[in-house]
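Peer 1: In order, the protein sequences belong to chains H and C. Reading the first sequence from the start, the letters are residues 1 to 254 in our numbering. Reading the second sequence from the start, the letters are residues 1 to 388 in our numbering.
Any given hint might turn out to be false.
As the list claims (entries may be wrong) - Here are the computed lysine-lysine pairs in the DSBU-like style, where the Cα-Cα straight-line distance is at most 35 Å:
#1 Lys206/C / Lys168/H
#2 Lys7/H / Lys7/C
#3 Lys67/C / Lys7/C
#4 Lys122/H / Lys7/C
Calculated directly from the structure, the hints in this document are not laboratory data.
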Amino acid sequence: MKEAGVKAWLPSLLRLALVVLLIAFVTNPGWFEPLLKPLTESNAPAIYNQGSLLTLTLLHLRTVLIATVAATIVAVALAILVTRPAGVEFLPLSRSLVNIGQTFPPVAVLALAVPAVGFGEKPTLIALFLYGLLPIFENALTGLTTLPANVVEAARGAGMTGWQRLVKVELPLSAPIILGGIRLSVVISLATATIGSTVAARTLGEVIIAGLLSNNLAFVLQGGLIVAALAVLIYDGLSAIERYTARRMGQETA
Amino acid sequence: MTVRFDKLGVVIAAIVAYAAFAAPFATFRANRIVPGEARSILEALPAATGSPLLAVIVAAALIALLKTPLIMRLAAGVVALAALALLIGVAGSFLTPEGNTFARISPASGFWLLIFAFTLLLADVLTRLNLSPWARIGVLVVAAAAIGMLLVSGSWNSLSILKEYANRADSFWAEASKHVTLALGSLAAAVIAGLPLGILCHRVEKLRAGVLNVLNIIQTIPSIALFGLLIAPLGWVATHVPGAASLGIRGIGTAPAFVALFLYSLLPVVANTVVGLAGVPRAANDAARGMGMTERQRLFGVEFPLAFPVILTGIRIVLVQNIGLTTIAALIGGGGFGVFVFQGVGQTAMDLVLLGAVPTVALAFPAAIILDAVIEMTSTGRREAQPA
């Protein structure tokens, strides 16, 4: 009994420790200097010194947030459109487009967006947006097309209009699956945003690239670890929300 | 007879109208890094070809707009795309001043939008035709052959991206072979290591969560950081393990790129092997056991063939992902098409970026189509065998 209790609490404790560690690191990186010092050569700085880690982390998160919100709105709207009677003829085409879209490498999207919108945050947002669309669209489509037929029939029988059915029945029921897509998209975006720094976007990629250019492993490590920690925590957080909504909808969690 | 509009056709016609009449067809630049001047279709082409091209485009857009038979739409899409592909080359030579080697002509937004619109039309037709896997591969081969012929014939040679290519033809092919070797080599390594690991995870439940968690966490490390982090350990191996350096293991370059790609590839391979094996119907396993098959016979004779399409899906994910990720290897000296992308970004020479980006897409796209077709071929037999 007791052992089971510890096992159940351990993941939450680890997560909490990771949150504390992450906040401590981005607000007070100086504390961790002795740990990173051995990774540097010839007295190079062990902590990124060309900008605050906290600012970069927040900018990184902001970029991912904007791109994900935009991608969610467009992807869900598109999925709703192609599952209505009026848009159903677009369904097969949109499926193949999503498939084709996934074959475009992020670096290519990023680099090709530069001539259109210039250097900086904008090409990164475009690349993250396009990349974020795909998993969300795919999941929203799965969610909206695999609803239990009897529930939809019951809603129709109760005299609900198409709009009411969508808002009160279909979207809430597919919410957990759509959230799953958003989670996937966020995790991909968090990592992809670092590449944005090759076209001068201000993200944590700046720290990693500075490390690569000056051969400073401590920079590479801290940039990479912050992004990985953010990804793990956000992934877990969104999974928890997903389980919560699935429970509210009376569904079994997968 | 009433005129009926095709819904997608309305979208296509709108894009075509904007692209053909309001957007620039080609861009003229006095040299490779100055901003360009826009040229419309009629300005970019000699009079004898400009107006016919416009006529073809408008006719094709009308066919798309109205409810027309599939075969007619297919023809319209193919003719429009072929005309565009041929004439952008003509625009290149027409706009280049006689004897000027600095001027750069590149396709502009209008051209790309037209290509996009008619590709949309073709994609729609092909989706509705519901082609068999072999037919899809056939279409791909025909398209690749057509593009290959245009490239070899030299009709695109006056375009900026091919001028960049002409300047570095040797290094292009060297980077291309590095790119393919890295992407395919790391995939092969991941399959060789990932399949047994997946089987092990399937058999030993205690291992499963742990292994998959570790592989999941690796995926969250941004690629540029993982590439960078491997520099140090591999550098150490190169200097301390006898013989390692002569095998080509070095701190920077191909070795860390290879290892990073391998690590990223493991998760989809292992996870899909586990999912595929878990999805093998109990009845099939019981029947095999009842027939007196040994553990090994069951694995190779029953479980593996049944799980194969799912495992192949994992391999498809890895292949497409690796072709894209390999571009990043250039940041740590690993070579590949990323070299041109990052050089181009550094020099703000977009043609150079395209020289890296276009071949990457040109590798990833057919890879995805071919593997999708193979997956469908291997899973149809299965679908017939068991009622879904």
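Peer 1: Quick one, are Lys122/H and Lys7/C close enough, alpha carbons at most 35 Å?
Peer 2: holds, 32 Å
Peer 1: Hey, Lys206/C versus Lys168/H, does the alpha-carbon distance stay inside 35 Å?
Peer 2: Violated - the C-alpha atoms of Lys168/H and Lys206/C are around 42 Å apart, more than 35 Å.
Peer 1: Holds or violated: Lys7/H with Lys7/C, Cα cutoff 35 Å?
Peer 2: violated, 56 Å
Peer 1: Given the hinted pair Lys67/C and Lys7/C, is their Cα-Cα distance within 35 Å?
Peer 2: holds, 9 Å
In this structure, the hints that do not hold are numbers 1, 2, in rising order.
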